[in-house]
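Heads up, the sequence shown is in our numbering, so the first residue is 465 and it goes up one at a time.
It should be emphasised that the hints constitute simulated quantities derived from the structure, not laboratory data. Treat each hint with caution, since some may be false.
Claimed, not checked - Okay, derived cross-link-like pairs now, EDC-like style, lysine to aspartate or glutamate, Cα gap no bigger than 20 Å in a straight line:
1) Lys475 x Asp523
2) Lys475 x Glu541
3) Lys475 x Asp552
Unchecked claim - Now the in silico label distances, taken between C-beta atoms and shown as ranges:
4) Thr488 x Leu522: 36 to 42 Å
5) Asn599 x Arg540: 37 to 43 Å
6) Arg481 x Asn507: 16 to 22 Å
7) Pro558 x Cys584: 17 to 23 Å
8) His570 x Leu522: 26 to 32 Å
9) Ala602 x Gly533: 38 to 44 Å
10) His562 x Ser483: 33 to 39 Å
11) Gly571 x Thr488: 20 to 26 Å
Given the structure is predicted, the values throughout are model-derived calculations rather than measurements. By construction, the Cβ of each residue, glycine as well, lies at the ideal position given by its N, Cα and C atoms.
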Amino acid sequence: MKNFLEVLDSKPRLTVRISLAAITDNGMPRATIRVNGLCLFDNLLESTWTGSTQIPLLDPLVVEVMMSGKQHAVERETAIIVQNLTVDQCEVMPRFGHLVQYVHEHGTGPATSYLGFNGCWRLDTQQPFYTWWHNVTAQGWLLMPSVDPQE
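Full structure from sequences and hints, please.
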């Protein structure tokens, strides 16, 4: 009997897409975007940016967006907005924005897609993406892959 990964329609990799926008009233923010440790962008963010990468099907998903170099001003803002995050056309952001962590120079902020302070916005599924997806969308459990010790 074939297992899930041996079925011809199963893709061994997932496509992760992320879109950001910058507010640059007080200068461009420096943005660093990483997906599972792979740096997709590390530069000044002028306006908008969209990028994608692929991750293995059974890996947890960790997306980090870091902002640095912000000069604070009372009347003019610099910020990064996480507009969209999809995994194989499953909309993760903004739908599940309440599940992110935002640790910044003033402590830990509420879950948000608006990075107004120098810091790190992070989404960590801590389990394979589709296992996490089925849990957060209340679709029930997926069977966990097992390795046969005889193989």
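Subject >> Violations among the numbered hints, reported as their numbers in ascending order >> reply: Checked against the structure, the hints that fail are numbers 2, 8 and 10, while the rest are satisfied.
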